[in-house]
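Colleague: Given next are the chains, with one letter for each unit.
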Amino acid sequence: MSIKGKAYIVGAYEHPTRKAPDKSVAQLHAECAVGALKDAGLTKDDIDGYICAGDAPGMGPINMIDYMNLTKIRFMDSTDVGGSSYLLHVAHAAQAIALGRASVVLITLAGRPRSEGQATGTAPRAGNPLVPDTQFEQQYAAVTGNGYAMVAARHMYEYGTTSEQLAWIKVAASHHAQYNEHAMLRDVVTVEDVVNSPMVATPLHRLDCCVISDGGGALIVTSPEIAKSLKRPLVKVIGAGESPKGQLGGMVDLTYSGAVRSGAAAWAESGVKPSDIKYASIYDSFTITVLMQLEDLGFCARGQGGKFVSDGNLISGVGKLPFNTDGGGLCNNHPANRGGITKVIEAVRQLRGEAHPKVQVPNCDIALAHGTGGMLGTRHGSATLIMERE
Amino acid sequence: MARKMFPSVPSAENAAFWAAAEAGTLMVPKCKSCGKSHWYPRALCPHCFSDDIELIPSKGTGTIYSWSHMPRAPEPFTIAYVTLAEGVTVLTNLVDCDPTTLKIGQSVKLAWQKVEGGPQVWVYTPA
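Those sequence lines, one after another, are chains A and B.
Add 315 to the 1-based position in the first sequence for the numbering used here, that's all there is to it.
Add 29 to the 1-based position in the second sequence for the numbering used here, that's all there is to it.
Treat each hint with caution, since some may be false.
Label pairs and their in silico Cβ distance ranges [claimed, not checked]:
| no. | chain 1 | residue 1 | chain 2 | residue 2 | range |
| --- | --- | --- | --- | --- | --- |
| 1 | A | E473 | B | D81 | 34 to 42 Å |
| 2 | A | L563 | B | W141 | 20 to 28 Å |
| 3 | B | A156 | A | R416 | 52 to 60 Å |
Since the hints were made in silico from the structure, they are not lab data.
Glycine included, each C-beta is placed from N, C-alpha and C at the ideal position.
Construct the entire structure; sequences and hints are all you get.
Modeller: Set out below in structure tokens:
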């Protein structure tokens, strides 16, 4: 049993806001749902499945289902693995559809970290004492920034990766963001700009870090029959994988992520290989996140990520692997501090031929989207999704 | 000098570990069934699920597995993963050190830092 070809993404909507002090989080979720339904050409009463993650206010999916008054729901899920959630939500939706447990599944994400003034990546926060690792860790102020920075430091130590190589990832994202009217950061930057920006957590600079933005997105996944009855280009799910990665009982290894396993599963299910991928959405909370996932997914050999991303190899129209053509989390948007749904949305745009003309990949028939949610290296979810234009 | 830390809230599950910490001994859990050490401390061995765990006093030495310094924090500090002589890698802070000279692989030794409102915690300093 496989989900290959059993489900299509027919609705994809990214909220244009990047700062929404006058909106509630629930409202943003619902506005994204409306946008995705309109994009698909479906209505509220067509929805019989709903999935959200921890950014949705309330008890799992229940309060948002009630807010939107979705009365036909027969499948629901609220698996929360941080920013990677929405990629595996597409797979879970496809599974439900393949089993006949749902026919039109809505997935939403939204949040307002910017309006709420969160210094997300740098400010130490007290942890939940019920989480078993908190008592052994929170005193050391493991924030997102220095957690990812230790992964980068180890990669540099093991493989000779440089700050300049990491900077190329931001440079590529900025080249794409200049064409996105909604992107938070639209200025094209250079490697020098990145390595000369303030040091946040050695060896990561400010421009190695993603933006903090309000916003959201929504997706609609449906059956082949319904997808073919709509007027949108057909984007078929052909493979998916999900995997956690932990601390292995104290045998910490920061040199790889769960993408090793989630990627392998997605490659196997889809039957395609890295060289078949015309466009890749790669989670970019930090530049190091991209580099490690590219290695883990097999786009290059382990330790070769620095060389792979250099010299514009990720820039659409320039390099071999165009990535994050919306500007990604590094430049465009990281709504709710979770970039997973925007990864799928831009991949859908590329497969439909609806990306900005300056970044649209010609004949984009197979695309990959991948997410990491949580702490890269030590505690995260990984989810990989491979899609094909039919 | 010392950065203000959030106090740990010891769980009942790890009362013996924290009592030893308060007395100045860092304990590393070791499973009597499979023979492997683990981190962080817990009642069930994460390698084999045995509940036959003993606490072994750490030798107090280790090497830096990775580290990061946050120079722009209100109180700049250095976080690290340190691989202990016992084989487990623990999250910690590096203190009393010059962050411009730290190296992965460098030897470090155990020290204790008092925390207002909670038990003292293990930190490391260049050996």
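Colleague: Of the numbered hints stated previously, which ones are contradicted by the structure, given in increasing order?
Modeller: Nothing - there is no hint that the structure violates, so all of them hold.
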